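Put chain B on the given structure of chain A with help from the hints.
So the sequence lines, in the order shown, correspond to chains A and B. Residue numbers for the first sequence follow the numbering used here, so the first one is 1 and each next one is one higher. Residue numbers for the second sequence follow the numbering used here, so the first one is 1001 and each next one is one higher.
The set of hints was computed from the structure by calculation and includes no laboratory data. From a predicted model like this one, the values you see are computed outputs, not experimental measurements. Treat the hints loosely; a few may be bogus.
Listing some non-contacts, in silico: residues in chain A with all C-beta distances to chain B over 12 Å [as the list claims (entries may be wrong)]: (1) 14; (2) 21; (3) 129; (4) 138; (5) 170; (6) 176; (7) 177; (8) 233; (9) 251; (10) 281; (11) 501.
Under the rule of at most 25 Å between Cα atoms (straight-line distance), these lysine to aspartate or glutamate pairs were calculated in the DMTMM-like manner [said to hold, decoys possible]: (12) B:1013 with A:362; (13) B:1106 with B:1182; (14) B:1106 with B:1127; (15) B:1177 with B:1197; (16) B:1150 with B:1207; (17) B:1150 with B:1164; (18) B:1177 with B:1164; (19) B:1013 with B:1068; (20) B:1093 with A:282; (21) B:1093 with A:163; (22) B:1177 with B:1158; (23) B:1150 with A:163.
C-beta: ideal position from N, C-alpha, C; glycine also.
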Amino acid sequence: MAKAAGRSFNADIAAGTLALCGIAGFVLAAIFPLLRIGSSGLTEVIFSARTLYILQFTLWQAFLSTALSILCAIPVASALARRPQFPGRIWIVRLMAAPMGLPALVGAFGILAVWGRQGILNDGLNALGFERPISIYGLSGILVAHVFFNWPLAARLILAGLERLPPQYWRLSVSLGMGSWQIFRFVEWPAILRLLPGIAGLIFMLCATSFTLVLLLGGGPASTTLEVAIYQALKFDFDPPLAVALSLLQVGLMGLLLAALSLMPSAQEDRALTQMGYRRYDGAGLSMRLLDGVFILALVVFCASPLVAVAAKGVSASIVDLTARPLFWRAAGTSALIAGSAALISVFLAYCLSVARFTLGENKAGYARLLSALMSGAGSLILVVPPVVLATGWFLVLRGRGESLPIILVTIINALMALPFAIRVLEPAIVSHRLRVERLAQSLGILGLARLRIVDWPVLRKPLAMGWAFAAALSLGDLGAVALFGGNQIVTLPWLMYSSLGSYRSDDAAAIAFLLAIICLTLAIAGAPRGTQEKAI
Amino acid sequence: MTADIDLDNVRLKLGNAEFHFHRHIDAGSFVAVTGPSGSGKTTLFNLIAGFVAPDTGAVRIGQAIMNDTPPAARPVSLIFQDHNLFAHLNVFKNVALGIHPALRLKGEDRARIDVALEEVGLAGFGERMPGSLSGGERQRVAFARALVRKRPVLLLDEPFASLDPHLRVEMGALLTKLHRREGATILIITHEPAEAERLANYTIRIENGRIAG
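Extracted from the complex, chain B is given alone in its bound form:
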């Protein structure tokens, strides 16, 4: 399951900041997004995920124009640096919310959740609460949820920034494995050149609200 992303002369003004994005990203590619803070990386993600709408231009995902599509209806999964899990719900429910937003599950859904947790190395963690997990384990749960959601585009906003270097490598390897199997289009914001090199097919660099390279 995959889709290409097309940013067709997308322009946006937020306060004093102006953004202009024009780029096509092939289906199934794994792209690292870098750039100084405040340059517009997160705004780029917000445009793709639907948390802000462009003033002019078009955002297309898999050929369909997304400008007026609300976030939930876009074929996109999101993972942030932290707070990816609701702290008062257990791991199983946090993953299950990726299948149905009111937790109405069918019989086979439970099995899917168990499989996803096993994929990310957390078999048997279903009843645990997020507070009892390590930072890396919490991000694994977020990966498991992205797995069961099966959206063609996955956006990761500095997902490993709060993890130690050893764990970053391990989580990166897990992400690569999942990408190879699922084939989704992945965009990952990272400040680590080595990480971008290791994981992504190529890197796009954002400067002053534009894609610089």
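Pulled out of the complex, with its shape left as it was, chain A reads as follows:
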């Protein structure tokens, strides 16, 4: 058996090792110039009042965003868990998944359309006789945007946790005479409490590394995070030492956060939301029904309004004008090329790493375990070394040289950004497929390309396509990687939309936002990990 396994064993591990080396090489090549430039006078910049202020603001806004999202999510999740028969419940749960697939840039556009100076909210206030418009730029804008993306995420994760509880609990607690409040206190809250560290950690990470939302809604140097400050230091101040110092600070901070996060139970939906059949017997009273209705409605209005605004503005904007511009077609072509190839690279890397890790899993030797751990780390390296830092490093390496290189760089960075998600879609599929067919394929001697064609491809093409779609959605809507190189060198759709916003061509921006929203949401739905969706339909 061991001998028969020998051949494919080596090929799998070799592919994974190559992927590992490629990722590590690309990231190290970006980090190395940072270290070299940064070595002189680095500590002074890092410990300057300005840098520390940015660090402090980054953490503070992430903390507030996390706390608000979770505080709002608990009553909504509890209300939805209590009401499995709530009218339109499936659509509410799907709406809660929408922000996940929406590009941050489009989300920010929708939020401005609702909460901005010329937004629906201010129009309403104006009609009621309030003269001075509310401005949300700054901390409040960042918080609104982060809550828009993370309130539904937290609510979904908590709801999934509550639906995982044994259905007997609900019969038991009612037959013991508990009301909704006592069920919350003795049954739901302890379950939620176990999930909170993982959920809070995840949301804190997302908010601490948020780039696009802070760039659009921060509105100035008083409300800037590390990621945005790095970008501004290079793009506007051309101050490489500051950018380097901030980048290293960012890498250190992310390393610490990830280490802390790895100690907590991870927030996962896995096979949740399956118990469509369970019943609840509490909360039949009018006041409880009203209260739950208000919470659910609040989430629906808050999440749906920016989406509706994007659609409304997109429909009324003149797409014909936009499509008459050659620049639009150039941007669309570039975006399609970058997103398509980034997703291909991402899925390819995810496949190599997953297959190698599966094969290594059978080997208990020390070196095998080390290699497997390194591969797992390479898959999520982008979380420690964020896109802006990678772009900064390569930006400093190139310094304007190399005409077509930026496109390749942005593609690779986008591929790495999507890699953790691609792995999450692919790895479980590969593991279960391999466990099922490994021995049979070996015993029949189906090897190499024949094996790929007959055994692997028919089963794995669906998860591969799903991984590709999700990765393409992520990279199509991304502004972070392209921002540094954007302008003359590369124009993608998000970049075109961003510069349209900056030059008050809001009609163009609205049309692009609508297009991006539709394409990205479609791709994200096609690529969303099943289990939730399948059962919910």
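Then chain B, alone, in the frame of chain A:
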């Protein structure tokens, strides 16, 4: 403490399944309920416990009509095959929930809980978490809770199905002992004819949503 159960022409339609139950069960009897799966045993229990309401007919417990009474207000205790305990609460609290659903306990209640745990052979287990108990021990805790609740009717839905044969006999003996002393009306769903024979005064058999015998 005991009460009779009267199912007076109870009819119910759930999807395509139709149920019709008409039977009187004397106070203090110990009845085994058998029948193929899907025949309506659990629906019968749900009707008595109040998790479903009959379309027509009346459910009476101790002469009082229960049709519109919510589960908590019915004089009924329930024990399932598993998940009878909240896994995040210790044994003491799980039993205490049978006395007060918000765990507001009086001084003598603590003593009652200790006595109940002793009755089921779990003296000193109060601080243990359900996860650290065996399947049989977990069911004993559920018995202890039924003891402190002191409801006249006890419904057991395959309470021993996940236990090994030796343990089933032991738990059955414990149940018989408690029945003799407390005198509650007990209905137990079981698939084991020998168990029904050993424990119950008589057996009712359910087929196609009706009491067949």
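Consistency of the no-contact label for residue 281 of chain A, given chain B and a CB cut of 12 Å
violated (6 Å)
Check the hint pairing residue 1013 of chain B with residue 1068 of chain B against an upper bound of 25 Å on the C-alpha distance.
holds (17 Å)
For a C-alpha distance cap of 25 Å, please report whether residue 1106 of chain B and residue 1127 of chain B respect it.
holds (19 Å)
Next pair to validate is residue 1177 of chain B with residue 1197 of chain B; report whether the Cα-Cα distance is within 25 Å.
Status holds; Cα separation ~16 Å.
Beyond 12 Å from every Cβ of chain B: is that where the Cβ of residue 14 of chain A lies?
holds (44 Å)
Hey, residue 1106 of chain B versus residue 1182 of chain B, does the alpha-carbon distance stay inside 25 Å?
Holds - the C-alpha atoms of residue 1182 of chain B and residue 1106 of chain B are around 23 Å apart, at most 25 Å.
Nearest-CB test (12 Å) between chain B and residue 251 of chain A:
Nearest chain B Cβ is 38 Å from residue 251 of chain A, so the label holds.
Given the hinted pair residue 1177 of chain B and residue 1158 of chain B, is their Cα-Cα distance within 25 Å?
Holds - the C-alpha atoms of residue 1158 of chain B and residue 1177 of chain B are around 18 Å apart, at most 25 Å.
Can you confirm whether the C-alpha distance between residue 1093 of chain B and residue 163 of chain A stays at or below 25 Å?
It holds: about 23 Å lies between the C-alpha atoms, which stays within 25 Å.
Taking the minimum C-beta separation from residue 21 of chain A to chain B, is that value above 12 Å?
holds (44 Å)
For the pair supplied as a hint, residue 1177 of chain B and residue 1164 of chain B, is the alpha-carbon distance within the 25 Å limit?
holds (20 Å)
Within a Cα-Cα threshold of 25 Å, do residue 1093 of chain B and residue 282 of chain A meet the stated pairing?
holds (21 Å)
Violated hints for the displayed structure, listed by number in ascending order: 5, 6, 7, 10, 12, 16, 17 and 23.
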